[in-house]
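Trainee: Sequence:
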Amino acid sequence: MSEINIYLLTYIKFLEHVVMYLFIALTGKSITKKLDEPVKKEYQKLQVDKLPII
Numbered sequence: 141m142s143e144i145n146i147y148l149l150t151y152i153k154f155l156e157h158v159v160m161y162l163f164i165a166l167t168g169k170s171i172t173k174k175l176d177e178p179v180k181k182e183y184q185k186l187q188v189d190k191l192p193i194i
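The sequence shown begins at 141 in this note's numbering and counts up by one.
These are computed hints drawn from the structure, not numbers from a lab. Bear in mind that the values here come from a model prediction, so they are computed numbers and not experimental data. Take these hints with a grain of salt, some might be off.
[To be verified] FRET-style restraints, in silico, Cβ to Cβ:
hint: 1; residue 1: Glu143; residue 2: Gly168; range: 30 to 40 angstroms
hint: 2; residue 1: Leu162; residue 2: Ser142; range: 51 to 61 angstroms
hint: 3; residue 1: Asn145; residue 2: Thr167; range: 31 to 41 angstroms
hint: 4; residue 1: Lys181; residue 2: Leu149; range: 57 to 67 angstroms
Quick reminder that beta carbons are idealized off the backbone N, C-alpha and C, glycines included.
Start from the sequences and build out the full structure, keeping to the hints where you can.
Mentor: What follows is the structure, given as structure tokens:
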């Protein structure tokens with residue numbers, strides 16, 4: 141009976157490490173991501189072709 145308990149405790153510890161890794165992987169990207177500065181370029185004016193002659 142004690143072998144089953146040891147196996148289950150080992151498995152629980154493994155799952156705890158997996159959950160912690162996934163939590164860090166999911167939240168770490170949003171925490172370390174730097175905010176991009178907006179581009180302050182002047183855009184070219186929209187040019188429209190003349191209507192075709194039909």
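Trainee: Would you mind marking each hint as holding or not holding in the structure?
Mentor: Status of the hints after comparison with the structure:
Between Glu143 and Gly168 the Cβ separation comes to about 37 angstroms, which falls inside the hinted range of 30 to 40 angstroms. Separated by about 31 angstroms at the C-beta atoms, Leu162 and Ser142 break the suggested range of 51 to 61 angstroms. The supplied range of 31 to 41 angstroms is met by Asn145 and Thr167, whose beta-carbon atoms lie about 33 angstroms from each other. A hinted range of 57 to 67 angstroms holds for the C-beta pair Lys181 and Leu149, which are about 60 angstroms apart.
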